[in-house]
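**Q** Take a look at the letters that make up each chain.
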Amino acid sequence: CEIKQLSDCLIRLLLDRRDGTRTSEALTPAAAARDEFQEELVIRPLHSGDIYASFQFRTLWDTDFLQEGQKVSHYRLFPKSLGQVLSKFSVRELHISFTQGFWRTMQWGQPFIPSPPGAELWVWFHDTVSDVDGNWKELTNVLSGIFCASLNFIDLTNTVQPSASFKPLGLGNATDHRFLRYATLPREIVCTENLTPWKKLLPCGSKAGLAVLLKSEKLFHSSFHSQAVHIRPVCQDEQCTSKAWELRQTLNVVFDLYTAGQGKKEWSLFKMFSRTLTEACPLATSSKVYVDITDNPELFELSPATPLLSQAVVLGDRRTYSVFDLTRAETFGQLRSLNLLLRWKGDGEMLRPLLHAERYVAGFGLQTGEIHTVIYNNHPYRAFPVLLMDSVPWYLQLYIHTLTVTSKSRDNKPSYIHYQPAKDRHRPHLLEMLIQLPPHSMTEVTVQFERALLKWTEYTPDPNHGFYVGSSVVSALVPSMVAMNTNFTQDQPLFSSFVPVKEESSYFVRVYTEPLLVNLPTPDFSMPYNVICLTCTVVAVGYGSFYNLLTRTFQVDEPSLPLAKRLANLIRRIRGVPLLT
Amino acid sequence: MGLLSDPSRRKVLTGLLTRLNTPICIVCYLAGIVWFMGLAFEPFTLRTYMSENAMGSTMVEERFSSGERALSLAKEFDAHKRKAGGMPVEWLVKAMQSRGLEVFTQSFSRKLPFPDENKERYMVRGTNVYGILRAPRAPRTEALVITAPCSPGNTNNQAVALLLALAQYFRNQIYWAKDIIFLVNEHDLIGTQAWLEGYHHTNITGMEYSPLQGRAGSIQAALSLELSSDVITSLDLVLEGLNGQLPNLDLANLFYAFCQKLGVLCTIQGKLQRNDWDTAEGYTHAAQTMMLMVLKQACGRSWGDHGLFLRYHIEAASVRGINSFRHYKTDATTIGRLLEGMVRKLNNLLERLHQSYFFYLLPSLSRFVSIGYYMPAFGLLAVILLLRALDLWVHLGAPALAPSCHCFSVSLQPSSPGVLTVLTPVVISHLTGVALYLLPVHLQEMAVEHFPVSETEAVVLTAIAIYTAGLALPHNTQRYTHRLILMQFILRYMFTLLKLTALLYLAVLLGCTALINFSLGFILAVTLVPITASITPHMPKALYALVMVLLSPAFTILYCVFIYQELIEAPVSVSEGWMLFLSVISQGILDHALYGSLVYPLLALFIYPCWLMFWNILFWN
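The listed protein sequences derive, respectively, from chains A and B.
Under full-length UniProt numbering, the first sequence has 68 at position 68, and the numbering climbs by one with no breaks.
Under full-length UniProt numbering, the second sequence has 416 at position 416, and the numbering climbs by one with no breaks.
Honestly, the hints are just simulated from the structure, not real lab data.
Positions of the beta carbon are idealized from the N, C-alpha and C atoms, including for glycine.
Do not rely on the hints blindly, as some may be mistaken.
Unchecked claim - The calculated lysine-lysine pairs, modelled on DSS-like cross-linking and capped at a C-alpha distance of 30 Å, are:
1. A/K565 x B/K11
2. B/K119 x B/K83
3. A/K408 x B/K111
Stated by the list, open to error - Ranges between beta-carbon positions, derived for each pair:
4. A/C536 x B/V34: 32 to 38 Å
5. B/A84 x A/Y381: 33 to 39 Å
6. A/E450 x B/A280: 51 to 57 Å
Could you build the full structure based on these sequences and the hints that come with them?
**A** Below, the structure is given as structure tokens:
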């Protein structure tokens, strides 16, 4: 009973951050126009020598079209295609991300907004929706068209309803996970055709502002590429008197200094994006470029230098940023263009992020296997709880009785387990656990599985490639190294304000593990012809003759007499004497 | 199917089979051998071709150019290896890190069941160093492995250096779709085994190792590199892996295609290809190459680091540089290019290698014999056992009907003592097999105490002693049978039954073996089938005992040793051959303990007991 209470408490602690949202909304300027658009680029040199560029575009739309009877037809900055989707399917909150590559937490630290490899979509529907599954199916198909992605492959076999891991990030107190749908497509490949529709959602398109930098030939020449769309209801002002819709479009990209730098350790906007900045988007109320200079001057040198500095606490760490305000003419200087230049000096080392997770398949052979999820808590003295969510397709038949959780070679009993077994061909396994991670420890979660033999039409066209299992999701409130500033002011950068924060001492982190590629027993698909021929022959010959044998009645055959004897017998019968044999 | 229902026609057929049994068997045996030898004849074989589309038509351009740098790196590595007196772990970690890889180490230790005298090791302790080159925009689901063993002494420095040079070059390329793992393993196969077990989190051989920190998803293919000189004359491809497993033929095709493209001489089994297949020499050459492959595959050990990957369904091959006195030399840059090309093609793979054959024999690199062509050779040998069994079955059935008149009481119940008497030799011979499997390793301490031999010798000699002692067993079983049954007829019935059982048992054993490891099954069939098919108690005992011993599994191994030495053109004298034979036995036992090779248990627990059953028949009366 106590454990249950504890887990409830922890879950609430982890998830219930509605008030936080309200606080974060303070950054909306009350005096400005009701609809507004902000754009922002953060450049952060990473310890590994790579460079991380994160774009955020935020559109606020002052309307509440979910109210009964209200028909919305006027769209100013907000993309109409998305607005219509929201109202048609009664979406309360929508998060979609397309990622190519895997975020290397050990080298790069935590990203501002994490996302798993492939496509991820999670949607909270309004609680007036009666047929959630139907709405979800239609929604995925519509989004598939909007983003040119294979989201139409999302169906009930890869959709789950997490009970605790994904709570709404915006306003509203929805906690009934019947209105939540979560799905990932780990196989989805992200490329130019997904970028173009994403750029079209921006008010300025890719014509002006920061979006001119988004040229696909450079963005896809990188180590990591992730683009996302987040829509949620937020407060319009500090008092939260009226609601607004927030659309955040984010694009994260990590450039590899090693391959593209050709040995030279220097970087510029032009080198990264083959463009320089010349203006802000005219529709934007704010347009800024932040460069993380916390490690300056040991690690690198930035030019041109700017007197504008900003401090922010991001992911439990106080960072200092140089700010370039694109709405001001002096930012562009004499050349009327802004080209930031970074020159590396030192060499980076491996980071020790506080929370880190990885996953792999153990064992060999095509019958069974074991999924290992390893979660590291690198905090020297603080223990903290994490929520682990695992969604495994039905064709890996989990043996849930083999589930073990061990930390420091001792059994670690999860305080909350939510397990929904799979139904063959209908729904995947869903496993959610609240695990307490001891300080400075490695926690290993293992579960054995058996590989199912699929029907021959269920195999993909490339069955020998293997089958994907989506990333598991680790959500946690990680103890912060510095005190968090919950009292947001206006110039708080966008990237620090996505996930609302309630407590000063910890920050919310979501870590995705790598997806798994699992081989299933695969028949040789060139064989069916041979098999059909062989079986037909065996059936024809074997069955026919056995059936013949089984149904025939056997009689001992009397040897027939020679002709002479038969003639003699004929005469004897007439004579009435005994016959010859 | 009229045969089943028509007794008279059935009688005719069985009559024909029993009457012509011996000639048919002889014809089958000869046909089997001739078929097998014909496999090496070029017009009967198929030309190899690339089945995998992803590796086929799209030729990649190789640009690797730092061969010279690799050679200077080899000198540096050599110096550090000498200084460290083993694997220079720190230097390697630094070297890989500076090339932009994620570097991890794994330490392992293994106590061998008995000292390995060939490699002079007993307590093995070592460290594997591996660096992962992360492919850009890839989600860590697939990986390729390039491994180079860090060998003691002067060998293999160039391989490690080339590996590092390739890592540096690969790091600067953007086209990788799969992560590439560069592994430098210590203590050759033991290190590889430790790494593979660590990577897959299994423990099948009792190895102690530290868990791996970095992984890169499922490994699609692996290449092992062995290179001990700055220039080479040819590259040798080694395919035979543990338990006779072979990688997909496309891997061999890939190697061959790149050798052709870059003009590198390539060999298999150390033998160059010849073009004159229509001459006697040409045929002999191909036959020798194929025989070498058969012998290597049959012995079930891993002939390179690649061999252990195969268990994990990772297609792998070893590439070995050979420096002979030939004039034509290839430099390190070209070898680097060859590897670059191969890795790039493997990187292009969309699925695991599965298109081409997994069961094949190679008379040369450009010709192959698929399972459909070589299996009949074995089938012809195996059918002899079935024919003999059929013959015995008919004989067993026929007198049971006729002599009921003069065997009044006994003939009614021949089955109850029959089963018992057949069971006794079967059980006894299998117990001998179990003793042969267990005792050599477990009794080594006792043997070392009582005899002036080393542990390795003790193990091998104990094995031979138990093997020989097994031959004395028939007399024991005979006494049992004497006590139970006295009548001549029953005795004959018994031995027929025993022989029938033994023949079917052998047929099943060889059949199963040949399915997994054709070469082993075929070699055993060639030696075991003639004597087992013909053995009866009514033969000159001394002569046939000698023949049986000469065709027993142990002597088969001895012959294989001599033939192998002959084929690799290093003939040995009888005493050297004997020493080699002893080391082969100890290696076989070690392979079983260290890597899980199954040949030793197969021979000890099944083949040898089966052979003992026939030995029993010879001394039945």
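**Q** For each hint, tell me whether it holds in the structure or not.
**A** So, going through the hints one by one against the coordinates:
no., hint, verdict
1, A/K565 x B/K11, "29 Å, holds"
2, B/K119 x B/K83, "21 Å, holds"
3, A/K408 x B/K111, "27 Å, holds"
4, A/C536 x B/V34: 32 to 38 Å, "34 Å, holds"
5, B/A84 x A/Y381: 33 to 39 Å, "37 Å, holds"
6, A/E450 x B/A280: 51 to 57 Å, "56 Å, holds"
Consistency with the previously given hints is maintained throughout, with no hint failing.
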